[in-house]
Amino acid sequence: MSELFIQVVIEGLLWGAIYALVAVGLSLIWGVMGILNLAHGDFLMLGMFGAYWLAILLGIDPLIGLLIVTPAMFILGLGIYKSLITRIVKAPRLTALLATFGLGIFLRNLAHFLWRADYRMLGDTLVGDRVITVSILGGTNFISVPKLLAAGGSLAATALLYWFIKRTKTGRALQATAMNRQSAALMGIDTERMYMLAYSLGIACVGVAGTLLTNFFIIFPEVGIMFVLFALVAVTIGGFGSIHGALIGGLIIGLIESVGGFVGIPALKQALVFAVFVIVVVLRPRGLFGWAD
Amino acid sequence: MGRLKPLMVRQPRIFWRKNYIFALAFALLLALPFIFTAHFQHHVMIKVLMFTFLGCAWNIIGGYTGQVALGHAAFFGIGAYTSSLCYIWFGLNPWFGMFLGGILAVAVSAVINYPCFRLHGRYFAIATLALGMIIRLLFTNWRLVGGALGVRLPLLPESLWNFQFHTTKLPYYYIALVLCALIFAILYKIERSKLGFYLRAIKESEEAARSLGIDVAKYKLVAMSISVFFTAMAGTLYAQYILYIDPISLMPLMTSILICVVPVLGGAGTLWGPALGAPILLIAIEYSRAWLGGGGRGIDYMIVGAIMVAIIFRPGGLTSFFQGPRFRQWWRRIRG
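Heads up: the sequence lines are chains A and B, in that order. Taking my numbering, the leading residue of the first sequence gets 1, the next gets one more, and so forth. Taking my numbering, the leading residue of the second sequence gets 1, the next gets one more, and so forth.
Possibly wrong hints are sitting among the right ones.
Partial list, derived from the structure: chain A residues whose beta carbon lies under 8 Å from chain B [what the hints assert, rightly or not]: (1) L98; (2) A99; (3) R172; (4) V263; (5) A267; (6) V278.
What follows is a list of derived Cβ distance ranges for each label pair [what the hints assert, rightly or not]: (7) I242(B) to G264(A): 28 to 36 Å; (8) G264(A) to I248(B): 18 to 26 Å; (9) A208(B) to W115(A): 46 to 54 Å; (10) G79(A) to F99(B): 45 to 53 Å; (11) A148(B) to L137(A): 37 to 45 Å; (12) Q329(B) to P92(A): 21 to 29 Å; (13) L57(A) to F99(B): 32 to 40 Å; (14) E192(A) to W95(B): 17 to 25 Å; (15) E207(B) to P266(A): 41 to 49 Å; (16) I248(B) to V263(A): 24 to 32 Å; (17) G264(A) to A110(B): 20 to 28 Å; (18) A208(B) to I136(A): 56 to 64 Å; (19) A181(B) to I75(A): 33 to 41 Å.
Just so you know, these hints were derived from the structure itself, not from any lab. We put the CB at the ideal spot given by N, CA and C, even for glycine.
Let the sequences and hints guide you as you build the complete structure.
In structure tokens form, the structure reads like this:
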């Protein structure tokens, strides 16, 4: 029992770290620009397909593909920002919400159109499906290497982003823009560029997450929707705009999902996550670490 | 904080003041199935009317009251399930099932949506979205109501009383048309009633509405109840039309989104918005599906996505084209 339970917790934390990276990007975009990027999951899907096609067509392993997909997603983020998001930021709330959702729907169905709805999986990668055995509290537990790699990569990327925002000058400018755009502009910060940077960084985050996911997860056009919803929940629990809040929120979601599925009805574990979300948002809308809305 | 517009004084002047436009439109819609006679055309027209109806229902909470609910597909599903299962289990006529479904949807929404009324803007939108997902997951895993396999309605001889028609789609069209006329009449009344002013006051500024003595939570609940009641009614119509219901095709996120996009495209919080949005969206979806082949190709929803993005260029929706001073001038000249 305890052996199994520890296994479930490990699984939850590994998934939680991946959710966290998706959530961190979402939270960054929200924090700086005040828009909810509901297309986030579909950028994740694009990142996954990017890594997949690099592996299939050019034989580039996702681990190396990471170095190609992440900058590519950053540039894609720039392009989308320049063409659409600048306008969305200025639009009224309801239309902005629908517009990012619409962008997501468009990308998802573009993927349907280009690559069909088939489930795909990457066969032999560098990490393969290796498993390491660890013993915790006397029992034997297994950790899948690709998942560990994805979780580790996610945590590293989150840490890097955190360092960037807290310690560098550009990061401080981002923070200032998030707090008050006008004042930041008066201090001589090019807030338009900060918006662009925040959006592109957010998209680059899902590029990392997506590439690392291709090592062990199925790839299909609808893959993003569950991730973006979970990321939303994670961000809400952690508090909108907070990076470490999103990280902790992601880990909590991972744990709720796996432990809830283990203790309760597995088929309803996602419903449980949403239920926790509704409870949190009603009781404490600004989350654990969020600024007041 | 939204600026509080003087509601009573500067009502947007809707140019369809004279009711003959209603009569004219209704007559045209009555004749429409005899102008376009193909089965598929009838199907598209039924879909358009159904989504006009759903859009009008959403408009009450999302448009007039400004509370963007993104979980209406769940109530659509509850309506479909209630009438269908009540017929299968108890032999209850679907026409009564329709009202029972509406009442049940109101009860469910009162319980789950009431706590969300404290939330503002996007938080409310996401919370309702999550609640819609929960209801869908519950139905998918609920053995008693057929789970993911869904429910097949037994075939009965076709008659209005049985709410089933097999040889022609026309009766469904006229039933949908009557329902649309009904909701238009109700919305027309609401727009001009105290309730309508309360709802719009809440949309403009909750704090200001409260300071004027409007019980915000109560009127949000009233608006939501009316909205989900009609949404559930449309669910019954859908179930009787398709004669097979399952949670995956009945309550996907996409249905919730479409219910919201139809009125927003036309103009959220306007009487005619859904009637403008639904034909454009549904004709685009159904015909791109039919011509470009197969649901799997995704072109239908690419169009929806593009339209949703395009709304940012005209946040007021299509009706806002008809509300400018230039249009009003032109209209006055035509009317003489």
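Problem - Hints the structure fails to honour - result: Those not satisfied are hints 3, 4, 13, 14 and 19.
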